[in-house]
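Chemist: Residue numbers (the working numbering), protein chains in the order written: chain A, 1 to 237; chain B, 1 to 403.
In short, the hints are calculated from the structure, not lab data.
Errors might be hidden in some of the hints.
With a Cα cut of at most 25 Å, we get these calculated DMTMM-like pairs of lysine to aspartate or glutamate [as the list claims (entries may be wrong)]:
#1 LYS80(A) with ASP321(B)
#2 LYS219(A) with ASP398(B)
#3 LYS219(A) with GLU205(A)
#4 LYS125(A) with GLU253(B)
#5 LYS80(A) with GLU253(B)
#6 LYS219(A) with GLU21(A)
#7 LYS124(A) with ASP398(B)
#8 LYS188(B) with GLU165(B)
#9 LYS156(B) with ASP90(B)
#10 LYS122(A) with ASP252(B)
#11 LYS19(B) with GLU205(A)
#12 LYS122(A) with ASP321(B)
#13 LYS188(B) with ASP117(B)
#14 LYS125(A) with GLU6(B)
#15 LYS156(B) with ASP117(B)
#16 LYS125(A) with GLU191(A)
#17 LYS390(B) with GLU253(B)
#18 LYS390(B) with ASP27(A)
#19 LYS80(A) with GLU134(B)
#20 LYS85(B) with GLU253(B)
#21 LYS10(A) with ASP27(A)
#22 LYS80(A) with GLU6(B)
#23 LYS219(A) with ASP207(A)
#24 LYS85(B) with GLU127(B)
#25 LYS180(B) with GLU253(B)
#26 LYS10(A) with ASP60(A)
#27 LYS19(B) with GLU146(A)
#28 LYS85(B) with ASP117(B)
#29 LYS124(A) with GLU253(B)
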Amino acid sequence: MTTPVLISLKGISRTYRMGGETLHALDGVDLDILTNDYVAIIGSSGSGKSTMMNIMGCLDTPSAGQYTLDGEAVSEMTGKQLASVRNRKIGFIFQSFNLLPRVDALHNVMQPLVYQQVSYRKRKKRAEEMLERVGLAGRMGHQPNELSGGQRQRVAIARALVTAPSILLADEPTGNLDSATTVDILNLFDELHREGQTIIMVTHEPDIADRCHRQVRLKDGQVIEDVRSGQPTNSSL
Amino acid sequence: MFIFLEAFRSAMRAISASKMRSFLTSLGIIIGVASIIAVVSLVQGLEDSITSQFEGYGSNSLFIQQRRDNYGRLIGDLTDDDLIKLRGIDGIAAISPQTFVFEYNGVHYEGTQHSADVVGVMPDFSEMDNSYPEIGRFINTADANSRKKVAVIGPKVRDELGMPENPIGEFIQYGPHWLKVIGVLESKGQMMGQDLDNYVYIPYPTAVGIMGYQAQPFVIFVARVADVDRIDAITERVRSTLRRNHGLRADDENDFNIQSSDQVLQSIGQITQIITWVFGGIVGISLLVGGIGIMNIMLVSVTERTREVGICKALGATRADILLQFLLEAVIISLIGGVVGLALGYGLGAGVANLIPNFPPSEVPFWAIMLALGFSSGVGIVFGILPAAKAARLDPIDALRYE
Numbered sequence: 001m002t003t004p005v006l007i008s009l010k011g012i013s014r015t016y017r018m019g020g021e022t023l024h025a026l027d028g029v030d031l032d033i034l035t036n037d038y039v040a041i042i043g044s045s046g047s048g049k050s051t052m053m054n055i056m057g058c059l060d061t062p063s064a065g066q067y068t069l070d071g072e073a074v075s076e077m078t079g080k081q082l083a084s085v086r087n088r089k090i091g092f093i094f095q096s097f098n099l100l101p102r103v104d105a106l107h108n109v110m111q112p113l114v115y116q117q118v119s120y121r122k123r124k125k126r127a128e129e130m131l132e133r134v135g136l137a138g139r140m141g142h143q144p145n146e147l148s149g150g151q152r153q154r155v156a157i158a159r160a161l162v163t164a165p166s167i168l169l170a171d172e173p174t175g176n177l178d179s180a181t182t183v184d185i186l187n188l189f190d191e192l193h194r195e196g197q198t199i200i201m202v203t204h205e206p207d208i209a210d211r212c213h214r215q216v217r218l219k220d221g222q223v224i225e226d227v228r229s230g231q232p233t234n235s236s237l
Numbered sequence: 001m002f003i004f005l006e007a008f009r010s011a012m013r014a015i016s017a018s019k020m021r022s023f024l025t026s027l028g029i030i031i032g033v034a035s036i037i038a039v040v041s042l043v044q045g046l047e048d049s050i051t052s053q054f055e056g057y058g059s060n061s062l063f064i065q066q067r068r069d070n071y072g073r074l075i076g077d078l079t080d081d082d083l084i085k086l087r088g089i090d091g092i093a094a095i096s097p098q099t100f101v102f103e104y105n106g107v108h109y110e111g112t113q114h115s116a117d118v119v120g121v122m123p124d125f126s127e128m129d130n131s132y133p134e135i136g137r138f139i140n141t142a143d144a145n146s147r148k149k150v151a152v153i154g155p156k157v158r159d160e161l162g163m164p165e166n167p168i169g170e171f172i173q174y175g176p177h178w179l180k181v182i183g184v185l186e187s188k189g190q191m192m193g194q195d196l197d198n199y200v201y202i203p204y205p206t207a208v209g210i211m212g213y214q215a216q217p218f219v220i221f222v223a224r225v226a227d228v229d230r231i232d233a234i235t236e237r238v239r240s241t242l243r244r245n246h247g248l249r250a251d252d253e254n255d256f257n258i259q260s261s262d263q264v265l266q267s268i269g270q271i272t273q274i275i276t277w278v279f280g281g282i283v284g285i286s287l288l289v290g291g292i293g294i295m296n297i298m299l300v301s302v303t304e305r306t307r308e309v310g311i312c313k314a315l316g317a318t319r320a321d322i323l324l325q326f327l328l329e330a331v332i333i334s335l336i337g338g339v340v341g342l343a344l345g346y347g348l349g350a351g352v353a354n355l356i357p358n359f360p361p362s363e364v365p366f367w368a369i370m371l372a373l374g375f376s377s378g379v380g381i382v383f384g385i386l387p388a389a390k391a392a393r394l395d396p397i398d399a400l401r402y403e
């Protein structure tokens, strides 16, 4: 039995023009991500990690190559379709949390559902469930600046998961957290993975990368290493 | 509808998050709309008051005046002979000249002076002007024929001069002339800043005698036609009678003007309309300035919230979602300005009308309310679209990186 391919990158390149020079941020990347994969993308700064995340997250479009996400040919899509894919299929977690300021935790988590035209009552219910799931039942009415870093990242995780996305993209999710909180958040990721969530995480810390079941190393916009240290577990335990 | 409601929700959230700034932003609109409404309400109040005064004459009145040339000088004359000829026209029920005498300052009674308008009229005037005596009688034909120095006075004149309650037979002095009081009119109150009880009516021939040396006194003939449906035909008869009487040839211009009270109302309406538009235009400039203020603040706001826009796009917001949110924000700010300005202008107009003595009460017509609200939301759309489009166009990656 083969595990279905969730993300397929074929010959993905991304070039930028800087003055007269052409910069290859990604240079012909081929990569398949399977359902329930738990992937760490590692590499030095400037290796193309972020560009790859942006492309997989549909925030950026490749200059060349084919990107298929969950059976949909993303590289052919219009801006409006990309927005819809971001909304339905992708959950983002950022290093700097990127919560909406002046908006409490509950409404932050409700926001992605606004773009799915979910009614207020249903939004609220699903957001509350998700915040309970990440252990913030008592913090729903707090604004981001009233929460600790770990709590903020939990809100961000709840927000990423509230749409039940196919894939969770985390860009250095613990980069701004102390070590104790980092362990908490990573335990949460492990848990989500056990429940069947596909997770792709950018990190530069070997300890964190070791917890993932697959490490993809980038250098100069190319995949130079792809090591699997565990099998994707099946979601139907 | 859903997307609209949600955009409204987030726009309101953004506005209430920075109340002071939103208020200052809408201040330009508030001032603009308030001044429009204040001016319009005052002009409308004035127009209504003038109109109701002329309506007192009824739509069956004709006003015949000497024509003025381009320098405001009187051309032609309206003579006693004209009056007699016009009275002979079939269909004219009543006609009276009306001339204001400005020879001397005020009237006197036993050492008390009071300034009142002295007007020369004929007996028909009483009925046409709805001026009926409460005590005594009005001027009659005998008074007119023999140029009697008699006067019918308004109740205010009597009171101000300290005359007895029944002043019939008393004499008031106008310059060197002694006028015997033969009647006191019923009180009519005030209209359009004029005290209608402050007149001294004397026989028209007497007035002409007092003004003796003036070659051309300013006279209006007020005529009432018996049948209002025939007013056009009768106007034509008046015109041809006067032309013949003045010896005008076929290609001469009229040296008089004939207006029905409808025409007078129309020209008053035209004047107030011009005033309204001129002031409206001036105030429109202030709305333009207010709109630029909104655009300025919205541009700053978009820059400030670049990262927020990036987050929303990462969460799945389309360009339309972002555009609508920022556009609605601008529209709401200026619409709130419009509503506040409306209330403020209403108060301002009422206050000014109260402050100026004898000024009629202000009135805000419905169209002005719709115009103010429509204009302010229009300003919001016009000046909000550019910043909103700028926000919608932001690249999500750049926006997320923005510090």
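Chemist: Against the structure shown, which of the earlier numbered hints fail to hold, in ascending order?
Modeler: 4, 5, 7, 9, 10, 11, 17, 18, 19, 25, 28 and 29
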